[in-house]
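Start from the sequences, fold in the hints, and give me the full structure.
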Amino acid sequence: MPVWHKATQEWVKQGRLIVLGIAQEQHGDRCRLYAQWQKFDFPILHDPINLIGAKVVPLMLAIDEQGIVRAVGPKLEDFEDTFLNKDFLAGKAAPPPAAKPSAPDIDALQIKAKQSNSIEAWRSFGDGLILWHGSDRLDEAIGAYTHSLQIDPTDDLSQFRLGVCFLKRHESGSRQPGDFQKAADLWGQALETDPNQYIWRRRIQQYGPRLNKPYPFYDWMAQAQTEVKERGEEPVAIQFPLSGSEIAQPMRKFLADSEKASSPDPDGLLARDTAGLIKAEAAVVPSRVRSGKSIRVHIDFLPSESLEAHWNNEAEPLRIWVDLPEGWETKSLLLSAPQPEEIESIEMRHIDFGILTPEGLDPGPIQITAYALYYVCEGKNGTCQFLRKDIKIQIEIVK
Amino acid sequence: MKMNSWMLLLIFGLFFSKTALTAPQSYPPQVGTVHPDFVLPQIDSRQPVSLSQFRGKKVLLINFASW
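Chains as they are written, first to last, in the numbering used here: chain F, 1 to 399; chain C, 400 to 466.
I should point out that these hints are in silico values taken from the structure, not numbers from a laboratory. Incorrect hints may have been included.
Where chain F lies over chain C, by a calculated footprint (3+ residues, C-beta under 8 angstroms) [unchecked claim]:
1. 427-438
2. 451-462
These stretches of chain F come out as covered by chain C in the derived footprint (C-beta under 8 angstroms, 3 or more residues) [claimed, not checked]:
3. 28-36
4. 44-52
5. 63-73
6. 102-110
Think about it this way: if two alpha-carbon atoms lie no more than 25 angstroms apart in a straight line, the pair counts; the simulated BS3-like pairs of lysine-lysine are [unchecked claim]:
7. K75(F) to K456(C)
8. K86(F) to K13(F)
9. K456(C) to K86(F)
10. K75(F) to K86(F)
11. K86(F) to K55(F)
12. K13(F) to K39(F)
13. K100(F) to K112(F)
14. K86(F) to K6(F)
15. K457(C) to K92(F)
16. K39(F) to K457(C)
17. K293(F) to K229(F)
18. K6(F) to K456(C)
19. K6(F) to K457(C)
20. K13(F) to K457(C)
21. K13(F) to K456(C)
22. K456(C) to K39(F)
23. K55(F) to K13(F)
24. K92(F) to K456(C)
25. K86(F) to K457(C)
26. K100(F) to K457(C)
27. K456(C) to K399(F)
28. K13(F) to K112(F)
29. K75(F) to K457(C)
30. K279(F) to K392(F)
31. K457(C) to K55(F)
32. K293(F) to K399(F)
Because the structure is a prediction, the values reported are computed rather than measured. Idealized CB from N, CA, C, for every residue including glycine.
Here you go:
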């Protein structure tokens, strides 16, 4: 991408070429930071739901004045000769541009969906909602895609896009229990139908085991933020922090040092968080795994709003202990989540870690247990307690 | 004969309606064909942008991701 950007800048200035980018990723802010870092000056569109249908990236198309595709995957070395300098109009005048578009009429899409009750119409209604209204009408988008899946439960496009909605809701203030796991499940189902859809596969890999990643995801981000600041610019703010699964460094391999850690509450004597001051939720990516393969477990911890619960950051950070059965491997059985500098806070905390399943497991569900230890306070100036929460991690072993 | 024609039509209709529901999207379009128009939001301003608004110009369309 940076190579093409540099090579095409002069042609764009000369008015000979329009460069139009389409970002095929869930988080627009991350792509915006990348564009800021790379000083991309061409328009970039956001396609988190893969509306275009591209199956791989990067994918470049050279399109002439009439909208006709002249090259898929053009070569930079002969781009000027075979495309830019070529007269595709054969003496005809260039067609006029279409008027600037407006966002789709959501009401019209809804009426069409209800009247036709077709899978395409419900999917289009969902597309309109998620692309143009984002977090504001997320529940409606979820409803629209759910509707299309009721018509055809195997519709992979609806499965993938519904997964995008669930992850978006999980990362919003209106998250519902199970949203993250539903996203992973749906993406897995979509990929089973179309295993060659690399964009979908990458979405699972983003949250899956590090060992399954052919190359890092967002390891560039720290360098980008530093270099943008050094230029005297404010880096694009990142709305949702990266999980450990989205970076390759500093850890790339499992280390067999699990035996060094010991359970902080081996006899289970610590008081449980029976009031639910902290809500914990585990998700597994991929949700179905073959024996001997690895998975990534994500656990989110959210202080209860109704109980006015908040973290006490003067004490030690949130930790979790994973009770792995014999033969299962992970980097460390005892993990902790970073905490902010302020004395009290209410943010959602996240811990994720890889697990390598042993060979020879029978297909079926397996439950792994873990527990979290944390300091949490109830109400304003209320009591702070050190509590334990037991967590169940469901893993589906498949053939 | 009449019955057979109706049956053929029915089979044809079922085949194509199912195909329309399950056929994978064909992307990228073949060289020499018109790229389907689309409208997507600009990543920073959220303004709608279409491919057809650039008609009359040569376009390099780049699908990419920052990862």
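Do the hints match the structure? See the list:
1. 427-438: Holds, because 11 residues of the region 427-438 of chain C bring their Cβ atoms closer than 8 angstroms to Cβ atoms of chain F.
2. 451-462: holds (count 12)
3. 28-36: holds (count 7)
4. 44-52: holds (count 6)
5. 63-73: It holds: at least three residues are needed, and the region 63-73 of chain F offers 10 whose Cβ sits within less than 8 angstroms of chain C.
6. 102-110: Held - the region 102-110 of chain F has 3 residues with a Cβ nearer than 8 angstroms to chain C, which meets the minimum of three.
7. K75(F) to K456(C): OK: K75(F) and K456(C) at ~19 angstroms, within 25 angstroms.
8. K86(F) to K13(F): holds, 18 angstroms
9. K456(C) to K86(F): holds, 13 angstroms
10. K75(F) to K86(F): Answer holds: K75(F) to K86(F) is near 15 angstroms, not above 25 angstroms.
11. K86(F) to K55(F): Violated. K86(F) to K55(F) sits at ~29 angstroms, over the 25 angstroms cutoff.
12. K13(F) to K39(F): holds, 15 angstroms
13. K100(F) to K112(F): Between K100(F) and K112(F) the Cα gap is close to 24 angstroms, so the pair holds against 25 angstroms.
14. K86(F) to K6(F): Cα-Cα ~21 angstroms, so holds.
15. K457(C) to K92(F): holds, 15 angstroms
16. K39(F) to K457(C): Holds, because 22 angstroms separates the two Cα atoms, which is no more than 25 angstroms.
17. K293(F) to K229(F): violated, 40 angstroms
18. K6(F) to K456(C): holds, 20 angstroms
19. K6(F) to K457(C): holds, 17 angstroms
20. K13(F) to K457(C): Status holds; Cα separation ~13 angstroms.
21. K13(F) to K456(C): holds, 13 angstroms
22. K456(C) to K39(F): holds, 23 angstroms
23. K55(F) to K13(F): violated, 31 angstroms
24. K92(F) to K456(C): Judged against 25 angstroms, a Cα distance of about 13 angstroms means the pair holds.
25. K86(F) to K457(C): holds, 10 angstroms
26. K100(F) to K457(C): Judged against 25 angstroms, a Cα distance of about 17 angstroms means the pair holds.
27. K456(C) to K399(F): Distance of about 52 angstroms is beyond 25 angstroms: violated.
28. K13(F) to K112(F): Violated - the C-alpha atoms of K112(F) and K13(F) are around 43 angstroms apart, more than 25 angstroms.
29. K75(F) to K457(C): holds, 16 angstroms
30. K279(F) to K392(F): holds, 13 angstroms
31. K457(C) to K55(F): Since the Cα atoms of K457(C) and K55(F) sit roughly 23 angstroms apart, the hinted pair holds (cutoff 25 angstroms).
32. K293(F) to K399(F): holds, 11 angstroms
In this structure, the earlier hints numbered 11, 17, 23, 27, 28 are contradicted, and the remaining ones agree with it.
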